[in-house]
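With these hints in hand, go ahead and build the complete structure from the sequences.
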Amino acid sequence: GQQVMQIPQYQHVQEGEDFTTYCNSSTTLSNIQWYKQRPGGHPVFLIQLVKSGEVKKQKRLTFQFGEAKKNSSLHITATQTTDVGTYFCAGWWYGNKLVFGAGTILRVKS
Amino acid sequence: NAGVTQTPKFQVLKTGQSMTLQCAQDMNHNSMYWYRQDPGMGLRLIYYSASEGTTDKGEVPNGYNVSRLNKREFSLRLESAAPSQTSVYFCASSFRAGASDEQFFGPGTRLTVL
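First to last, the protein sequences are chains A and B. The C-terminal position of the first sequence is numbered 110 in the numbering used here, with every residue numbered one higher than the one before it. The C-terminal position of the second sequence is numbered 224 in the numbering used here, with every residue numbered one higher than the one before it.
Accuracy of the hints is not assured; some may be wrong.
Restricting the straight-line Cα-Cα distance to at most 30 Å, the calculated cross-link-like pairs of lysine-lysine (DSSO-like) are [to be verified]:
1. 51/A <-> 124/B
2. 167/B <-> 59/A
3. 97/A <-> 119/B
4. 167/B <-> 70/A
5. 36/A <-> 59/A
6. 56/A <-> 36/A
7. 181/B <-> 119/B
8. 70/A <-> 97/A
9. 51/A <-> 109/A
10. 36/A <-> 109/A
11. 167/B <-> 181/B
12. 97/A <-> 36/A
13. 167/B <-> 124/B
14. 97/A <-> 109/A
15. 36/A <-> 57/A
16. 36/A <-> 51/A
17. 181/B <-> 97/A
18. 124/B <-> 109/A
19. 167/B <-> 97/A
20. 70/A <-> 59/A
21. 119/B <-> 167/B
Think of the hints as simulated: they come from the structure by calculation, not from any bench.
Spelled out as structure tokens, the structure:
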């Protein structure tokens, strides 16, 4: 079946440092979604990317979709303690179901 | 609006016991999903219901059954619980089936099977 690989599995950063998580698919995606899960909470939708090469920003978060639509990244500038949690990408191929990556756990030291 | 609700929040079972996890949504969504979340493995789809009256297997359906009771409610049943089913279970819903609509998740059920 379809798979989405996500790296790193875990990242511990100093508050104020940047953070990036990456997702890769071996096949071309129709689109990709990103979710955030706070510790002890449930996943919450952040954004969806559809177009090749698309870049979207939400305050300090920048989301990119690769030109070949096989990879995506989430970059957080100047992390804050409120950014802690697990970030999931989820790939969608037309006519299929959403497939989640394993997630990247972000810890921020203040 | 409550969004997606799940009951119970926590449950401890002994091996071989059965139980049903309940899920309801009040967003008039057509599609509903059951996922399990295990450390380092992300969210894996157990079963989903594209619309009222239909259910389909996901990635890890063995040991589970589901019922789409009506448009609002989608339950997950463990007939004979096993320790390998210890996990956090999330129910989710989305407006359309077969499309990449965002999914709304419930608060989860933390299940331990001894």
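Status of each hint after checking the structure:
1. 51/A <-> 124/B: Given that 30 Å is the threshold and the Cα spacing comes to 48 Å, the pair is violated.
2. 167/B <-> 59/A: With a Cα-Cα distance of about 38 Å, the restraint between residue 167/B and residue 59/A is violated, given a limit of 30 Å.
3. 97/A <-> 119/B: holds (26 Å)
4. 167/B <-> 70/A: holds (26 Å)
5. 36/A <-> 59/A: holds (15 Å)
6. 56/A <-> 36/A: Satisfied, since the Cα-Cα distance of roughly 16 Å is no more than 30 Å.
7. 181/B <-> 119/B: holds (22 Å)
8. 70/A <-> 97/A: holds (17 Å)
9. 51/A <-> 109/A: The hint is violated at about 35 Å.
10. 36/A <-> 109/A: holds (19 Å)
11. 167/B <-> 181/B: holds (18 Å)
12. 97/A <-> 36/A: holds (19 Å)
13. 167/B <-> 124/B: holds (25 Å)
14. 97/A <-> 109/A: violated (36 Å)
15. 36/A <-> 57/A: holds (15 Å)
16. 36/A <-> 51/A: This hinted pair holds, its Cα atoms lying about 21 Å apart.
17. 181/B <-> 97/A: Distance ~19 Å between residue 181/B and residue 97/A Cα, so the pair holds.
18. 124/B <-> 109/A: Violated: residue 124/B and residue 109/A sit about 39 Å apart, past 30 Å.
19. 167/B <-> 97/A: Satisfied, since the Cα-Cα distance of roughly 11 Å is no more than 30 Å.
20. 70/A <-> 59/A: holds (25 Å)
21. 119/B <-> 167/B: The given pair, whose Cα atoms are some 24 Å apart, holds under the 30 Å limit.
Violated hints for the displayed structure, listed by number in ascending order: 1, 2, 9, 14 and 18.
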